[in-house]
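Place chains B and C on chain A using the hints.
Going line by line, the protein sequences match chains A, B and C. If you use my numbering, the first sequence corresponds to residues 1 to 181, in order. If you use my numbering, the second sequence corresponds to residues 1001 to 1099, in order. If you use my numbering, the third sequence corresponds to residues 2001 to 2752, in order.
Please keep in mind that the hints were generated in silico from the structure rather than gathered at the bench. Note that CB positions come from ideal geometry on N, CA and C, so glycine has one too. There's no promise every hint is true.
[Claimed, not checked] Here are the simulated SDA-like cross-link-like pairs (lysine to any residue), alpha carbons at most 20 Å apart as the crow flies:
| no. | chain 1 | residue 1 | chain 2 | residue 2 |
| --- | --- | --- | --- | --- |
| 1 | C | K2729 | C | A2740 |
| 2 | A | K109 | C | I2736 |
| 3 | C | K2729 | B | G1093 |
| 4 | A | K109 | C | V2730 |
[Stated by the list, open to error] Chain A is faced by these chain B residues, among others (derived, beta-carbon under 7 Å):
| no. | residue |
| --- | --- |
| 5 | L1007 |
| 6 | L1009 |
| 7 | A1012 |
| 8 | L1022 |
| 9 | A1023 |
| 10 | I1043 |
| 11 | V1046 |
| 12 | A1070 |
[Claimed, not checked] For each label pair, taking beta carbons as the anchor points, the in silico distance ranges come out as:
| no. | chain 1 | residue 1 | chain 2 | residue 2 | range |
| --- | --- | --- | --- | --- | --- |
| 13 | A | S164 | C | P2219 | 37 to 47 Å |
| 14 | C | T2489 | A | S154 | 50 to 60 Å |
| 15 | A | D134 | C | A2745 | 21 to 31 Å |
| 16 | A | F153 | C | V2205 | 26 to 36 Å |
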Amino acid sequence: MTVLAALQGFDSLMSGDTVVAQNIAFGILALVMIVAALRMVTTSNVVHAALYLVIVLAGVSGIFILLGAEFVGVTQVLVYIGAIVVLFLFGIMLTRGALGEDEEADTEKRRMAVLVGVLVLVVTGGAVLDSFGDAAVNRAAPSLTAEIGDTIFSQYIVPFEAVSVLLLAALIGAIVVARKD
Amino acid sequence: MLLNQFLLLAAALFAIGVYGVLARRNGVLVLMSIELILNAVNINLVAFSAVRATVGGEIFALFIIAVAAAEVGVGLAMVLLLYRNRRSIDLAGIDQLRG
Amino acid sequence: MTDLLTLAATTASGLSLGITEGGSWLLRNAWLIPALPALSFLGILFFGKRMPRGGSELGIALVGIAFVLSLLTAAAWIDHRDNFEGEEVHRAVAAAEGHAAEGHATEGHAAGHPSLAVHNTVTWFELNDVTFTAGTLVDGPAVMMLVVVTLVSLLVHVYSTEYVAGDQRYTHFFAFLSLFTASMLLLVVSENTLQLLVSWELVGVCSFVLIGHWWEEKPNSDAALKAFLTNRVGDMGLIVGVTILFFTVGSALPGQFGSFSIAETNALAGAGRLSHTALLVASCCLMAAVMSKSGQFLLHTWLPDAMAGPTPVSALIHAATMVVAGVFMIARMYGVFFEGFSIGGSSINLMALIGGLTTLVGACLAFVQRDIKKVLAYSTISQLGYMVMALGVGAWTAALFHLFTHAFFKACLFLGSGAAAHAVHSFDMKSDMGGLRKHMPHTYRTFVIGSIALAGLPPLAGFWSKDEILVGTGGWGLFGGTGGNGAYTFMLVMGVTTAALTAAYMTRCIYLTFFGEFRGHGTPHESGPRIVVPLWILAGLAIVAGLLNLPKGFPLVPGSLQERFGHFVEPVAAYFPSISHGTPSWSLAIASTLVVLSGIAVAGWYYFVKVEAASKAAGESLTELPDGLTSRYPLAKMGHTFLVQKYYLDHLYTDIIAGGTKGPVAAAAYKVDQDVIDGVVNAAGENAVKAGNLVYHRFDQLVVDGIINTSGRASSGAGGELRKIQTGKVQDYAAILFAAATVLAGILIVIV
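So here's chain A without its partners, still in its complex pose (with noise of 0.2 Å):
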């Protein structure tokens, strides 16, 4: 009852049949990533794990846009679709002795991940549980990209400029790592 608790507080801006329309829409979202991403981190195929990573990072984006942070979800779509996975596709191709089928990883290894993994999804899930038991997400509108770019240029000036001296520093970095001398 928790639930019908906290649609209680929203306003009138969230009818009842956009709540329940949102968590259809995140229901789907959810299970589709979840299924992708595992599908990601078991199949052999190295290309096909790629595609699966589109489509995590995909829901991701709808995610996002479904909590009202639509630039954030587009800049996901931008930068990760569009230039991450591309440039995994080409680590795959250029490194074309592994391209294809990957050996399976030995049944100790896996079980040992396994377990760390699942401890993990205790611990953290537990502990989302216990901390953030029925609060909801109510938000009356989108968040503007306007306030976005006031606060990066204001508040986060510092960060901002630490990330672009970061980029700087990868790009040459990854110039001098993967250099033929």
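Then chains B and C, alone, in the frame of chain A:
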């Protein structure tokens, strides 16, 4: 919508990413799993941002996207170097750390 | 003062700190001076290789323009100091009178016309309420340093064109020489502590690059690393100190989070508006920075090693840039230090003590060096100790004046030693020099002039500044003087002792280099004009620079020519503490001159009489008596060994502190046993060796070895167990890491 459903989704993606990092033998797949972990964190940030109705979390999500781009660039460069030196990107073969 | 600051806090301009936005164009645009060498750096870096002279002409031209600009700025400042009339002047005068009414020491501020520093800032960026600015604060000390730095740098540039001619990294060398100059100039005109910090680090990086210029040889790159790492230790102090000051100032200003402004910090500290504890802690932190940068005792060990760099770099580092950055920083933040260490009315404090110790320690070490540049390096340490001591006893003007004169004669000595070494291709005085007097007359004469100025004989530059420092200690009540900020008798004794030691080691150095017979190979010959001319310019300045600050009441010249340096350099403004000045006394001047003469006499008698006679008898050029003190008395031998080992400080740092943190404690204990105990054992002779053997057999073999063996067995057993999970595979480690982190997080959640 509840905050918890986003956080639990993120936790699940995070755990799957951890599994991928630990179990995959292909260097490129390990990097992809790291992206999964970063995305899980991003979902958390944006969800909290929405709850608090500020843009701070979204801005950090943007920063993480930028950092992820840098990370993939350097990471793939390292994988390429590995491939060039060993003709394989199988991480199981790399055990020079053994004492 | 309180009214003044209330006014400052209420008016938006906040000008009543003794600063003005007005003044002549040159003073407001002092940023041009550091910008020129910075431009030269970029120009040489990008286009130097394509220039006919490898970029050196660009460096010389732009540094030359910067020097001319500095001279013009100095002229503008002299005019500004006495003739600037503005609204702020009246406000500052009114504030000074209010200050006097409160009953504080007023001598400095009530002395007529205030000297308003010219302040010019631009906003760099803003974060919430805090505005980060960049800009210039031009006043007496800044202008003085501009002139000194650009002059020495210009001469070093000219000298270097001959000294490093044909070097494979000639262009690179000039590029960094320019950047070094630019960083120091930026530091000098810094308006806020953040900018100070940035330029401070830039100076450190440039010194690293230049000391390691010939990095192909291991000792050189080691020396560069040592300089850099030792400076990092102190830089941490600077960062912490600046941060503390930022928040302390913020707590005193309503509606402001913090402030980096130097003038504001000093003025608030001087007005007693800041917590004394915070100021004391900040002063100690900043002092750590000074200790590393200016080579003060305990962190001075990098400085002699830095001699591995090319000689022009040594001259630049020691005379004008790097090492005086620390002294200048104290002078710049004097309000903070004055209050933090309670300099006024005390008889001892941390700064004066460190300075005094450094000056003695450095002078002693200079005696046992074979390498001519190392003699000068330790001499620099000793003289920097003099300056820090002077600042510690409140003799601000004397310290800056000594910095000024020292820049000339020490640059002259370094360039002279470089010229001598250039001719004989070695720095070793004992095996490769001697008798150069006949071969290199210009070098010889300028070196002697520089030495006399350093030793402090009248009327050369060193005498006047050294005498002022001794006066400033206020500790010579027994000679009949008065004044000063306290009774620092202990510092007076240290200063006078050092004067004697300085005179003696410079006599030794001159004898070993220029007298006797030539001990090296080939025939040395005098250097070309690009080396000799800078030497003579500096020697000339070493003779006359002292006359700029003739003491008050000096009988031979009119009053208008006395204390000119103090008048134009020492700020009379709210951001500067009101320090009192000692009255010069003839008795002290005569006493210190006699001490210097006695130092020269003792060393001269030993070298010019005894060693000379022994050389004649032996038929070869000796460098010490065959049956001298050290060979006859074990105690003297021990002292000598102790000095040659540089008080074992390097062992302390590299073997005990660094080794102790990276290796097991047992290994460090073993090192102590090897280095210290064995060193003492060897020095103490037969009886001590027997005792040492006893210690060795009983203590070392049984106790220490027991500890080592036990700890070894324990760690090998534990290691055997842990080895099983060391598969060497990254993913296995990552799994352990993830699992452990998760378990720890789970525990944290359950507990909290």
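task: Can you let me know if the beta-carbon spacing of T2489/C and S154/A is within 50 to 60 Å?
output: Hint holds: Cβ distance 57 Å, inside 50 to 60 Å.
- request: Verify the proposed pairing of K2729/C with G1093/B, using a straight-line Cα cut of 20 Å.
  value: 8 Å, holds
query: Is the interface hint for I1043/B satisfied, with its Cβ closer than 7 Å to some Cβ of chain A?
result: 6 Å, holds
- prompt: For the hint on A1070/B, does the least C-beta distance to chain A fall short of 7 Å?
  reply: At about 3 Å, which falls below the 7 Å cut-off, the nearest Cβ of chain A leaves the hint on A1070/B intact, so it holds.
query: Is the hinted pair K109/A and I2736/C satisfied, with a Cα-Cα distance of at most 20 Å?
result: Answer holds: K109/A to I2736/C is near 12 Å, not above 20 Å.
task: Evaluate the given range 21 to 31 Å for the C-beta pair formed by D134/A and A2745/C.
output: 23 Å, holds
- request: Mind checking the CB of L1009/B against every CB in chain A and telling me if the closest is under 7 Å?
  value: With a minimum Cβ separation of about 5 Å from chain A (threshold 7 Å), the hint on L1009/B holds.
field: Outcome of range test on Cβ distance (S164/A, P2219/C; 37 to 47 Å)
entry: 40 Å, holds
query: Are L1022/B and chain A close enough, Cβ to Cβ, to be under 7 Å, as the hint says?
result: 4 Å, holds
- prompt: Using the C-beta atoms of F153/A and V2205/C, is the stated range 26 to 36 Å upheld?
  reply: 30 Å, holds
message: Using the nearest Cβ pair, does V1046/B come within less than 7 Å of chain A?
response: Holds: closest Cβ of chain A sits about 5 Å from V1046/B, inside 7 Å.
field: chain A contact restraint for L1007/B - C-beta distance below 7 Å
entry: 4 Å, holds
Hint compliance for this structure: every hint is met.
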